[in-house]
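Asker: Sequence:
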Amino acid sequence: MVPRWAPRRSPASPTSRPLEGKNERFHQTLFRYLDKQPLADTLAQLQAQVDAFDHIYNTQRPHQGLPGRSTPLAAWEATSTADPPRPKPDRPVYQPPVPALPPRPKPPADLPADTRVTTVSTAGTIHLDKVFYKVDVDHAFQQVLVISDGNQAGDKIVITNLEAEILTEPTRPAPGIRYVGNGRRPGTRPRNPAVSPKS
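Heads up: the sequence shown runs through residues 1 to 199, numbered per my numbering.
Everything labelled a hint here was simulated from the structure, so no lab data went into it.
This structure is a prediction, so every number in the text was calculated from the model and none was measured.
No false leads were mixed into what you were given.
20 Å max Cα-Cα, derived EDC-like pairs, lysine to aspartate or glutamate: (1) 134 with 155; (2) 36 with 24; (3) 106 with 163; (4) 156 with 114; (5) 36 with 54; (6) 106 with 165; (7) 36 with 51; (8) 134 with 149; (9) 134 with 165; (10) 156 with 136; (11) 156 with 129; (12) 130 with 155; (13) 130 with 149; (14) 130 with 114; (15) 130 with 169; (16) 156 with 169; (17) 134 with 169.
All chains should be built: construct the whole structure from the sequences, respecting the hints.
Answerer: Written out as structure tokens, the structure is:
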């Protein structure tokens, strides 16, 4: 039950006032019934009186808001059960499309000991010996070959695609450095690098 001291919604709210009115009218009927009952000494006795009111209200007392002044239980039992919602036959249900990923080329089977295969991240980097090396975001999700002679600072690293085209040749950084750029501005490269005729 909603207590009478509960804050009310704005009177201009179109959805709250009819519901509050019905709720207050129900409480008024309940309080009139309880006023005619002996004063309850315990919470259990009060609950028994409220349960008795619910039974009378739903099964015996005619309701003036229902057709033929029937009881709420009679109106409930006279209402047919609604069918569960089903998709309309004129609106076909389609399965969500499965994204088709392009086939990934297989790396060479017999790689030298100083060469390894890795995948470029979404940021366009690879991870090697706790250092991130920038390749290019245009090569994200692609496999590349990483050729390194050693792991000393100043050693050259060659990063190529699987067709042996060199993408970048960074140098191993000094200890403590965790990122090596590729010397280019960040972002994707233009698809058509030709100069615009309007420039």
